[in-house]
Every structure is written in structure tokens, then in C-alpha cells.
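Trainee: Residue numbers (the numbering used here), protein chains in the order written: chain A, 1400 to 1504; chain B, 701 to 1339; chain C, 1050 to 1522; chain D, 12 to 512.
One or more hints might be untrue.
[Unchecked claim] Covered stretches of chain B (chain D as the covering partner; in silico rule of three or more C-beta atoms under 8 Å from a C-beta of chain D):
#	stretch
1	768–782
2	1086–1097
3	1125–1138
4	1272–1281
[Claimed, not checked] Heads up, incomplete: computed chain A residues facing chain C, CB under 7 Å, no partners named:
#	residue
5	Phe1417
6	Gly1462
7	Ile1470
8	Val1472
9	Val1479
10	Asn1486
11	Asp1498
[Said to hold, decoys possible] Negatives, chain D to chain B, calculated, CB over 12 Å:
#	residue
12	Leu17
13	Asp77
14	Leu79
15	Lys176
16	Leu179
17	Pro219
18	Thr245
19	Gly378
20	Leu451
21	Lys467
Hints listed in this document are in silico derivations from the structure and should not be mistaken for laboratory results. Since this is a predicted model, take the numbers as computed values, not measurements. Beta carbons are placed, not taken as given, at the ideal position from N, Cα and C, and that holds for glycine.
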Amino acid sequence: MSTGIPVQYFLVLATIMFFTGIYGFLTRRNLITMLMSVELILNAVNINFLAFNRYLYPHKLEGMFFSLFIIAVAASEAAVAIAIVINIYRRFATINVEDVNEMKH
Amino acid sequence: MINFSYTIWIPLLPFFMFIFLGLAGHKYFPKLSGILGTCGLAIITVLSYITAYKYFFTTEKVDGAFQKITAFNTTWLQFTDKLHIDLGVLLDPISVMMLVVITTVSLMVHIYSLGYMKGEKGFERFFAFLSLFSFSMLGLVLATNIFQMYIFWELVGVSSFLLIGFYYQKPSAVRASKKAFIVTRFADLGFLIGILILSFNTKTFDFISLTDPSGTAITQGSGIGFLGLSIMTWSMIFVFMGGVGKSAMFPFHIWLPDAMEGPTPVSALIHAATMVVAGVYLVARMFPIYALAAPVALNIVAYVGAFSSIFAAIIACTQTDIKRVLAYSTMSQIGYMMLALGVSGYGGHEGLGYMASMFHLFTHAMFKALLFLGAGAIIHAVHSNHMTEMGGLRKYLPITHITFLIACLTIAGIPPLSGFFSKDEILAAALHHNKLLFAVEYAVAGLTAFYMFRLYFSVFWGKETAYHHTPHEAPATMTIPLIILAIGSVLTGFIPFNQLVTSDGRAFESELELMVAIPSVLIGLLGIGIAYILYKKESAIPDKLAATFKYSYKWAYNKFYMDEVYLFVTKKIIFKLISEPVAWFDRNVVDATMNAIASVTQGVSFRIRGFQSGQLQKYGFVFITGAIMLAILFIYLWK
Amino acid sequence: MSLGTFFIMRHELLLITAALLVLIAEIFVDAGKKRSISLFSVIIFGVITLAGFIPSPTGTVFGGMYISSGTTLLMKNILNIGVFLVFIQSLTWLKKEENSEKISEYFILLIFTLTGMNFMISAGHFLMFYIGIELATIPIAALAAFDRYRNKSAEAGIKLIFSSALSSGILLYGLSMIYGTTGTLYFSEVAKLFVNNNLQILAFIFFFAGMAFKISIVPFHLWTADVYEGSPINITSYLSVISKGAAVFVLIIILYTVFPVIMGTWQKTIYVTAILTMTIGNLFAIRQQNLKRFLAFSSISQAGYILLGFIGGNQLGMASVIYYILVYIFSNLGAFGVVTAISNATGKENMDDYNGLYQTNPKLSLIMMLALFSLAGIPPVAGFFGKFFLFTAAAQKGFYLLVLIAVLNTIISLFYYLLVVKAMFINKNENPIEKFRSDFPTRFALGLCVAGIVITGFASIIFEAIKNLSFGV
Amino acid sequence: MDILSLFVLIPVLTITGILLLKDARQVRLVAIFGMSLQLIMAAVLVFLYLSARHSGNTDEMLFVKDYLWFKSLNIHYAVGVDGISVALISLTSIVVFAGLFASWEVEYLKKEFFISLILLATGVFGFFISIDLFTMFLFYELAVIPMYLLIGIWGTGPKEYSAMKLTLMLMGGSALLLLGILGIYFNSAPNGGRLTFNILEISKVVIPISAQRIFFPLTFIGFGVLGALFPFHTWSPDGHASAPTAVSMLHAGVLMKLGGYGAFRVAIFLMPQAAKELSWIFIILTSISVVYGAFGAIAQKDLKYINAYSSVSHCGLVLFAVLMMNKTAMNGAIIQMISHGLMTALFFALIGMLYGRTHTRMINQMGGLMKVIPFLSVCYVIAGLASLGLPGLSGFVAEMTIFVGAFQHPELFYRIVTILAISSIVITAVYILRVIAVLLLGPTTNEHFEHLPDAKWFEKISVVTLIGSVAAIGLAPFWLSSMIGTSLQPIVDRIVALNPF
């Protein structure tokens, strides 16, 4: 058990990452960058799970496994998302999210 | 005890006649309807006479008094255990007397109409309506309870409406019928409220228990008070309001002159002899309550009667339409009857006014019907209602002339005609009660003689008028009723009413009071004299007089502008100030509120559409904000 | 793990088998005969749907991560019925030239999402739940973008995938906090260890937001309309009934079993969001012209009504929710079926195009009217019963004010449903949609919907069966 | 099969029959056959009811049948009738029968028209036979919704607007009603035991007064909207004006009675204490309805508007009387429902027939019709006289019973309000006579009207049926009044037991 870094540090890091991800999601206009922001959010979650598991509940591995699954799912999600982004680029000739608003109101 | 149960057929026969003529008459026997209706009425006239004879002369009196006999009674509608409307036949002196009056006059009018209405469009309809009226009127007088009376009260109102508007294509007739109905309806509202108050306190509608002098209604009714008057007084005032309306007393009299738009026989029957006296009959019917439990209300009756009689008499002096003169005269005479009731007491000689009133009602029915039928004959001959277009008719219409003269003399109170006796009793009763009222009535007696003879002289004497085609005497169907009624007018004065129709059913002695009789005859003669001077020959004096008293004449000629007042109230107040604002309010406030709810919803829907911007990142922002807001809400604010 | 335990997972296994069969068929069928795959898939799925009603053992698998009970079986069967209807409805659309290459994809992806939903419903552990929810979401995003050549379809896809990624990120963050505070992700244990502190409430709200996204509860609903409008119409109907229905099932199970401790909190949450959802959904629906978009907002407001069943935490509530979803599947698919049929025949999707529809296509109009009346809760169709039970469930726990707001909202919703009815029956049109005869699958599916709309209400046995399988907090 | 369910079954079968017809020309024959059967059934029901009563059956409800429907919520399909429902069922049969004849000439989408009309009737019949709140509510809504199509498709004027307004307002009422019913349901077993929707069972317990205070207003207003309670009456003028003839007839004649019946049977019967406590508020509202409706009618120029406002006034009287909560007034309320149902149906039938001939409903554009079309005109006069309460026609009986009953109220306030309400009869006379005078009497103003045809045979059937009923009640009210009175007795007993004066 690594004793050097207290659990709070991880949690703070995760929180910062989470909100950075959200901020990025809300502000970056490029769809790919937005996708990266989502990955940030998911990774923040991963850090949370891992830290909790390691520090608070070291006898079980639920958190570890959960983050593994998250990584896998995130990968597939990204695959589908990028496929659609490519289609967007074909149709709209841009990947600026603001231009993708044919439907509103 | 004599069985009177057959009397139920007296009102029912005309009812079936109405249904029969109304449904089938038009199609199958338009010509025969008159005969059928008349025959039906003849049968019930005979029945009525038999009933009167049996009632007055063969029925045993109990304790010297005529009994109220309930000949027939059936519950028609049950309200509560105690309150129920019965339909039935109540026989007592006044109802039996009214039976005679109604059937006699009605029969005369039927016969008369056979000639008068011959060839009119809607001949069968006319007789159907007459039957309806006879039914309603008979039902009214025979009512065993006040609610039955109210039912038939409404029915006579509607038959009057139908008959006034008989010439339904004539706008003035339509207006008049509408007016008559609505004005009386308004008065009936009072009647109904009176009934409700009365029944609330006494828990009964039944006349016998209501008018029993020792019954609870009278002995306990005066207790509870409201605004200083006892409840019983209030209810009687309201009930009297109905009577005021139907009997065309001031201020609900305005419908009566207009009602002359109806066919003349109708005016004779309904608006002279029978229906308009229903108010008097109503007060007479409720008389023990008025006299014993609601003296204030009785005083009101007296004053309303007195005022109406002089008011109408003054107007009558200025009118030129002969039917309108007669109409105002009717109003004036009914005022007499009301006054007589108002000054009467209950029981014995105290009840002189009551007896006089009924007496006058009886005689008035005869002579006023005669007057109207005579007027009808004149109109029939001249095709005009206006005195100005008549004159010198005595040569052309001898029978009409004679009978009309008899009627005029009767109404003027010239002995020994019937009007003299009845009017004399009234004046005597008034004299004993209230000098002021007596003075008024005394003046009215003079005025009556004056305007009647003004009418008589202008029509039968006066200037020689050129007619388009020579007037000729009416057919026998019309003259026979005139003659019969003239005989009636002469003779009925000798009926001993004080033996038969009295306030408590017991006979009392009354004799001619010379102190009253002589002056009243004198003033009658004076009136006739003045009329003779002014109208016997064509003269300029009336116009001069009219010019001298320009304003008063104008006011009287315009009926003291009562019509205008009513017009103002209906048009300006009810229509403009209530109905239209209500309609406006309904559309623009109530309805608009409902519509506003809808449009606000739609407006909000339009305003918030920017929320759905189509921008993915804004969606994300709302998502995050929403989650955080919920978290804050439930962690810090509303835990 | 014995063979018997496999039967516990029968629904999922059958679905996966079916997906694989379709995949194999795709390989062996000639390029020119791809269309036969669709019929094949529908038949297979029909068999699966029927098989779902065969009595099946219940129990847990994977050490409690997968739970099968009468309730979950019921829910899965209801979803199967819905998907079956969607499949039949999509046959006509799949016959189109542009789709001939993608028929098997369509079926495979949909079957996989359904598998994901089944796993969600049966989850006994948040990991299983998470895998299920992602399996149920990601393929749909691909399907939303199915019409490669339409801008709107691509836009729908991108909006769906990004929104759902964000929402699952938030949901996961919530889960991580649940894990951090309780040390377990098993439903049964979380329920025991949950103590209602601030962090846990935050965790719950994040979790709720993620689920609310799937059910499209205000304020997490904004993707709904755009995605519904842009997606191919059959995907829209799938999203609006199956996806939503599954999420509703999962949410109610989790609320009842995992979070009974903080019932007070989630009642308030639902109180607030239910009001918002009904009202906002209705207010937006009033103005819509595109029928898909119109139905999207209508389905948002429907979600609001459904929340009324949640709020009491009572058995009646769950029964009414499940029942309402069943009714809603029939009604909404009826409406979408008509829209699909008309869209396939003419390409028209606007309300104005429906003017005078009754003159030319009376049967379609009648079905549409029936479906809309059912959505509006007008007797004698099933929607009336569904709404009545939802309101009863809320009233049972004393939420009369909420019921009042809900019933007032039904008036607004009645207004816009009647607008469609008015367009079809009352409005005059110079050029109404021409008379056409739909093909057999469409008519068959619509017939099933109508039968469902009519029978589900009157046949009390259905509700009673659902009631018996439901449970309360 | 019990006799009461036949009242729902026959219309449903008729609808099915119409649906199966290939030939559109036979539609009305089938419809009329079905509804004549219904009329006969109603007569049979009256007969059976009276003979059952005569043989000494004193149960509150007769012919009770109870089928469990939704077991878990204790929802039953429960039917049963007492004198009141029997009377109203008869009314409905008559009005529907007359309404079908009045719509003989509908050609546009004939099949659909008759189906919707009969569907509406189904709802009404179902409502009157139900003694279970759930089924009652179901039938209530079932009766309301066809109105939208009936007005929207076959109406005139601003029909879409009117139809929408009417439907939404009525549904708004039913929304409140739903809440009220749920409230009653969850308080139907205050002492433990099974919750129930059954009216008879609920009437055996006392709903807690605190719950009554909340749910009585909801229920009463809910029904009141349909009964044209001020200020929720505004759907009525527009709705009636836009509706086709038969729909106006059914709507004013029958559907509005659902409001009065419900207010009485559900709101007041089940929650008498709150009803008494709060009656003053609603008494004020209903008195406003009565007077305001009448004044509103005076200012109108469109025949249908006049009649719609008059309906507001007359239906206000129903609710007014019900709130007086004594037997006589309630009896009057029921008779008024029947009477108003018949005469307003008559009015609307006649207005429709006049409109079919003159193509206008504005009274100032018509005149002197009596001469041209005497039959219809005479009927109109009779309808008018019934409406203004002429003795011998049904209106009088109803109004007098109400007034006498209301005036028996022990508190002065109620009696004074009664007097206000009574004053409406004069106002009624004003507008009725005004219409008759302008419309029918006087010279014929428009030469186009000189050659209008008088009533055709089917119109005569329609009108004569209604007039016959109006006159029958007016001439011999005793049997109706006593039939209702007997059934009211247990209701009044309960009210009095809970509200000792």
C-alpha cells in the first residue's frame, strides 16, 4: 500500500479532471475535442474508482474492474462517435459543433 | 249534503274543447268550431246556473253561514308532506258568483263572436283560445288552494296574451300582447313570492285552512316581523302585487289600454268582465287574512284602488279611442272594487265593503261587457276605433244605441239600474271608513258619468259624419247578446247580495243610505249634464277647455307618461344598463379570461422555444446545470 | 454454473443467438436477396417474443450480478412485444433501395440494444447495469445516423452519441461516489449501506441525471426532439417507446430496491422533475409542425406522467408504471405506425400535410385518432386506464397537488392531440394525401397496436397480472 | 345479461351495425331502429321499476348488478338505478330519439355522424346507470369527447374554435373531477377496510370532514363545468352556437344533465357536510348563473346564443336547487333537469329546422314566420311557453318545486337568494317573448321567406315527441315527482342525519 499520497489528492485530481472535461465539452467547438473532453470525464471517474478501491476498500477489486470496463466501453463509444463525426464532416463539411444545428425549436 | 262533484266538468269541458279545437279544428272543421265552442260553453253555463241555485238555495247553512264546499280535490304535485298543489273545485259564495259571471259573459261573447269574427282568418283558433281562457278562468275561481290559483292565474295570463295577439301580423297587437304578458308576469313574481312567504310560515296552500279566522295562519301569522311589518303583512302585500298586475291597478295598469288591440269580444270578456277582476277576486279570496292579520296590507289595497280609480278616470276623459276610454273606465271601476275591499272589515255589517265590492264586480261584469260588445258593434259598423270619426250613429244602429245607453246610465249610477246599487254600497262603505277615500270616489263617480256620456254623445249624437259606406246594424248573433246583457244590467241590481255574498258567509242587513245615494245620483247627473252640453252637439268648448288646461290636458292625454317611464326602464335600464353590460362582460371578461389562459399558454410556448436551440453544447450546459441545481436544491435547500 | 442457470438468462441468450443468426444469414445470403433477411429476422424475433412467455426459472447468476425475477421477465416480455412491433413496422422502410445493404445491421444493432436493456433490467450490480446501459445506447446512436445521406440523420446521431456520452460520464461519476461511500456496487448491499449524507445525495442526483437522460426528463431532455426528428422514423419509434420504457423499468427497480433509504429525496426529485417534464413537454409540443418532433415532445410529457407512478414508492405505483409502458408502447407505436406508413408512401411528415386525411385514408386517420386519444387518456381506450392508475398511485400516497398539476397538463396535451385530429378530420385540403393502401406488415402492425390499445384497457386481467408481479419499497 | 347493461349494449351494437353497413343510405334506418329499441327499453325499464317499487321493494337501487373488474383497486362494473336515474334515462332516450329524426337530413359523412352521436349517447346512458365512480367517470369522458368531432366536423361558424374550447373546458372539469373521485376513493374506508368506488358503499361511511372540504369543491366544480356553473359556462354559448342541430339537442338536453346529476349524486350525496358548509359559495355562484344567464340572453341576437344563455340560467337553477339540500328542492332539481332537457332539445331542434329553411339564426333578419310555417312556429311558441314556466308544461312544475323547496330553507340568506333566483322567471319571459314576437309574429319581412316549406314528417316526429313529453310532465307531474321523491328519501335522510339542522 502506497502511503505517500493521501487519497484526497486523487479525489481532487479526479474532480478537477471531471470539471475540466465538462468545461471542455461545453466550450470547445471542435467535435473531436469535445470527444476528448468526454474521455477526460470518464478518466476522472476511473481515477475515482481506483483511488476508492485502493485506499478505502483494498480487499475487493470492484473498482478496478469497473474502470477496466469503463475504458473498454469508452473505446467503443469513441469509435462510434468518430464514425458519426466523419459522416458529419461529409455532410456538413465541418466539424464545428455550432454548425450542426439544422433542427431546433 | 248535495253532491257537487259534477262541477269538475265546468272547467274541464272548455279544456277538452281547447285541445280538440286546437289540434283538429284547423284541419277538419274550421267553420264548425265556433258552434262547437259555443255549445260547450252553453252546457257549462247551464251547469253553473244549476250549481248556483243549488248552492245558494238548497244547501243547508251551518250556523247561518254559507259553507266552503270542496267539491273535488286531487293532489297534483307533492312538494313536502304538508305543501302540495291540489287541483280541485272549491265552492263558496264568491266562487259560485264568479261561475255565474264568467259563464254568462263568456257565453254572450261566444255567441257575439260567431257574428263578429265570422270570416276572419283563424276563426277556429279564436274559439280554441276562448275555450282555453274559459278553462283557465274557471279553474282560477274554483281553486281550492292558492297555488292552484297561481297556476290558473298564469294560464289566464297566457290566454290573454294569445288573444291580444290574435292578429299576430299586426305589429301593434304583437307589442301589446308582449307588454301585457311581461307586465303581468312581473306582478306575478310578487304573487309567487307572496305565496312562498305565506307557505313558509303557514305550511299550507289550502284556502280553507288559510282563511279560517280561527286557524293558525291568522292567529299566529302576525307575530314574526321584518322591517317593522309582520311577515303576514309582507306576504299579503306581495300577493296583492299579483292582483295589482292582473287587475291593471296603478302602477301596473299600462298593459290594459294597449290590450285593446285584441278583437273586441276578447276585450269584453277578458279585459272588462272577468280576467281583470281576478285581482279583486284574489283579495276577496284571501280577505280574512287581510282583514284580520294584515290590516296594513288592506290599507294599501284601499289606497291603490282609490288612486287607480281617479287616475284612470282622469285619463279616460281625454282619450278618443273608444276602446281605450272603456279600458280606463274598467281600470277605474276595478279601483272602486279594490277600494271597497280595502275599506271593509270582517264579518257582519263591518263587511259591507266586501259585499259591495263583489256586488260591483257582478254588475260591472254585465254592464262593462255590454259596453264593450256595443263598442264592438260600433266598430264593426264603422271600421274605426276613433270617436272623432263617428257621430250620429243612433240612426243607423238602433239596438246598439239603446243598449249602449242603458249601459252608460248603469255605469253612471242612475237608479234603478244595477250600477246605482253597487256603487252606492261602495260609497257608503268608504264613508264609514275614511272620508278622504270617500271624497275621491265621489269625484270619480262624477267623472265616470262625464266621460261615459262624452263617449255616448260623441258617438251616437254629435256631428254628422260622412261614412264611406252606410253603417248598418249588426247581425242577430251580435245584437242578442247585447239585449241579454242590457237586461242583466238593469235587473242584477236587485239581487240581494247582502244575503248571499258576504265576508263571513252570514247574511246581514243593509239598506239604502240616502245620505250617500242622493248626492251620488246628483253628481252622476251633473256629469251627464256637462257631457250633454259639451258633446251633444258639435261645439268648440271642449277644445277651448283643452287649450286652457293645456298642460294638465296634455299630461292626461298622454296617460301621465307612464308608458314612457316603462319604456325608459325596460329599454334604458334593463336592456342598456344590465343586459348589454352582462353580455359584454360575459364575452370580454369571463370568456376572455378562459381564452386568455389558452393564449398565455401558447405565448409561453412561443417564448420558451429558444430553450431548444439546436446547439449541442447548450443542451450539455442545461444538462449539467440541471443536475447541479437539483443537487444544490436537495442538499442545501430542501432536505 | 449448471445448464439450468442458463435458462435464467434465457431472454438475453436467445437475443444474442438471434443476433448471431442474423449475422450468419447476412454472410450466406446473396447480395441480391438481402431483403429476405428482414423477414427472417422478424420471424426469429417473433419466435423469441413468444418464447419469452414460456414459464422460466428465476434466480440469480454471476454471484448476484444478474437477477431474474417475475418482474424482470414481465418487463422484458413487454419490451419484446414492443420491439416486435417496431420490426414489423420497419419492414416497408427497409425494402427501400437505399437500405438494402444495411438490413442486417439494422436488426443486429437493435437486437443488441435490446439485449443491453435486458441486462440493465436484470442487473443486480452497477457494473452489469453500466454495461447494459452502454450496450443499449451506443448502437442506437449508430442507428440514428443510419440514413447516411441525410444531414438530419447525421446530426441526430452526433447529438445522441455526445449527449449520451456526457450523461454516462455524469452517471459514472455518481456511481464512483456511491462506490466510494459504500464500498460496494451490489444493489442489495448498497441499499443496506446507504445513509443519506450529502455526498450520497449528490451521487444519487448524478445517477438520476444519467437515467433521466434516457427517459428524457426535463431538464435532461433537450436531445430528444432533435434526435427524434432526425433519426429514421423507425428508430425514432424505437427510441421513444423501447429505449424509454427500458430506462423507466430500470429506474423504478433501482429506486425501489437500491435507494429506499433516501426515498424522501427521490420523491422530491421526482416531484420537481415530473412537474417540469409534463409542463415543458406540453408547452413545446403545442407548437410543433413536424409530427416526429411533435411526438417527441409528447413523449417527453408522457414521461412526466409516468413519473407520477414512481413517486409513491408503492406497489400500485410500479404496477401502474409497467402497465402504462405497455399501453404507451401500443399507443405510441400506433401513432408512429401511421406516421411511418404515410412517410413511406409520400414522404410527408408535417401536420399540414395531414389536412383532410380522413377523406382519403379513413382507416389510418381512425387509428391515429385512437392512438392519440389513448395517449391523451381518453376512454374507452387503454390510455385512460393507464393514466387513471398512475394518478391513483400518486394519490394513494397523498400527492394530490401533483395529480392536480398532472391532470391540468393532460388538458394541454389533449389540446395538441386534438390539433392532429382536427387536421385529419376537420381541416379542408385542396390536395390531401392521396389514397393509398399500405402493405401487409404495416397493416398487421397497426392492427396489433389497435388491438392492444383497445384490449389492454378493458381486460383487467392484464393489469392484475402486472400488479401481482410488482412490488413496493 | 341484466337489463341495465342493455342500455350500453344496444348503442354499441347499433354502432357496430352502422360500421358494418355497406350502404350509406341505410345508416339512419339502423340508427333509428337502435335508438327506438332503446326508447322502448326505457319504457320497459320505467315499467319494471315502478312495478318493483309497487311490489314493495324498497332498496335504494334496483336491478343492481356488480361485476368485479379491477380486483386490486376494487373497481367494479356496477350498475343500478333508482327513480332518478330511471327518469334521466328516459329523458336521454327521448332526446336521442328526437335528435336522430332531427338529423335526418345530414348527408356529409353520414355514417360517422350517427356513430359519434350514438357514441355520445352510450356515454350518457352508461353514466346514468353506473353506481361505481370509476365507470361513471369513464362514461362521463366517453360522452364528452365525441362532442369535439361532432361540432368540429358538422358544425357551423367558428366551429374549430368552439369545439376546442368546449372540449378543453369540459375536460378541465373532468380533470378536477378525477381528483375528487380519487380523493373520495382514498377516504372511502376511514375505519379501515377495503377502499371502494361504489357509491352505495361509500354512502354507508362518513368521509372525514377534512377530506370533504378539499374534495367537495373539486367534485362540485368538476361537474359544475358541465352544468354551466358561472364562471365556467363560457363553453356553452359558443359550443351550442356552432354545433349541428342534433348535437345541440343532445348536449344541452342530456349532456349538461350529467353535471347536475353528478353534482348531486357524487358531490353532495357523498360529502354532505362539506356541501353544507360550503354551499353558500356555490349558492352565490349558481344564483349568478341563473340571473346572469337570463340577462345575457336578452342581449343576444343569435337564436342559439339566446338559448345557450337560457340554458346557463336554467341549468344554474338545477345546481342551485341541489345545493339547497332538502328533498323538495332536489326533487325540483331533477325535474328541472328533465324538463330543461326536453324543452331545450325542442328549442334546438326547432332552431335547426328554422335555420335549415331561412339560413340565418339572427332574429332581426327573420320575422313573421308564423304565417309561413305555422307548424314549426306554433311548436316554437309552445317551447317558449314551456321555457318561461307556463303551467301545464314541464317548466312550471320544475321551477315551482325548486322555488318552494328552496324557500323552505331555514336560513334567511338562502330564502333571500331564492327570491333573487325567482326573479329570473320575469327576465326569461322578456327574452322568450321578444324572440317570439320578432321571429314569428308580425308581418313577414323577407320575401324569400314567403314560400318556405313547413315541417316534414320526420321533423314532426322529432318535435311532437318532445312536445308530448313536455306536456305530459306538465299536465301530470305527480308520478314523476313521486318516483323521484321516493328515491330521494334515503339520500335526504343521509344528508339530514349528517347535517342536523
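Trainee: It remains to establish, for every hint, whether it holds in the given structure.
Mentor: Going through the hints against the structure:
Given a C-beta distance limit of less than 8 Å, the hint that chain D covers the stretch 768–782 of chain B holds, as 6 residues qualify and 3 suffice. Look at the stretch 1086–1097 of chain B against chain D: 0 of its residues bring a Cβ nearer than 8 Å to a Cβ of that chain, fewer than three, so the hint is violated. Only residues whose C-beta sits within less than 8 Å of a C-beta in chain D count toward coverage, and the stretch 1125–1138 of chain B has 0 of them, not enough to reach three; the restraint is violated. Proximity of the stretch 1272–1281 of chain B to chain D, defined as three or more residues with a beta carbon under 8 Å from a beta carbon of that chain, is established by the 5 residues found.
The beta carbon of A:Phe1417 comes within 6 Å of a beta carbon in chain C, closer than 7 Å, and the hint placing it at the interface holds. The beta carbon of A:Gly1462 is positioned within 7 Å of a beta carbon in chain C (closest approach about 6 Å), and the interface hint is therefore held. At a threshold of 7 Å, the smallest CB-CB gap from A:Ile1470 to chain C is about 12 Å, leaving the interface hint violated. Interface hint status for A:Val1472: upheld, as the beta-carbon distance to the closest one in chain C is roughly 5 Å, under 7 Å.
Given hint, A:Val1479 at the interface with chain C, holds; its Cβ is 5 Å from that chain's nearest Cβ, closer than 7 Å. The restraint placing A:Asn1486 at the interface with chain C holds, with a minimum CB-CB distance near 5 Å, inside the 7 Å limit. A distance limit of 7 Å between C-beta atoms decides the matter here; for A:Asp1498 the minimum to chain C is near 10 Å, and the interface restraint is violated. Every CB of chain B lies more than 12 Å from the CB of D:Leu17, the least distance being 32 Å, so the non-interface label holds.
Its beta-carbon lying about 33 Å from the closest one in chain B, D:Asp77 satisfies the requirement of being farther than 12 Å from that chain. Against the 12 Å criterion, D:Leu79 stays outside the reach of chain B, whose nearest CB is about 40 Å from its own CB. Some Cβ of chain B comes within 12 Å of the Cβ of D:Lys176; the nearest lies about 7 Å off, and the non-interface call is violated. D:Leu179, annotated as away from the interface, has a beta carbon of chain B within 12 Å; the closest lies near 8 Å.
Taking the minimum C-beta to C-beta distance to chain B, about 29 Å, the non-interface status of D:Pro219 holds against the 12 Å cut. For D:Thr245, the requirement that its beta carbon stay farther than 12 Å from each beta carbon of chain B is not met, with the minimum near 4 Å. In this structure D:Gly378 is not separated from chain B by more than 12 Å, as the shortest Cβ-Cβ distance comes to only about 10 Å. Chain B draws D:Leu451 into its interface by the beta-carbon criterion, the shortest separation being 8 Å against a cut-off of 12 Å.
At roughly 17 Å from the closest C-beta of chain B, the C-beta of D:Lys467 stays outside 12 Å, upholding its exclusion from the interface.
Checked against the numbered hints above, the structure breaks hints 2, 3, 7, 11, 15, 16, 18, 19, 20 and satisfies the rest.
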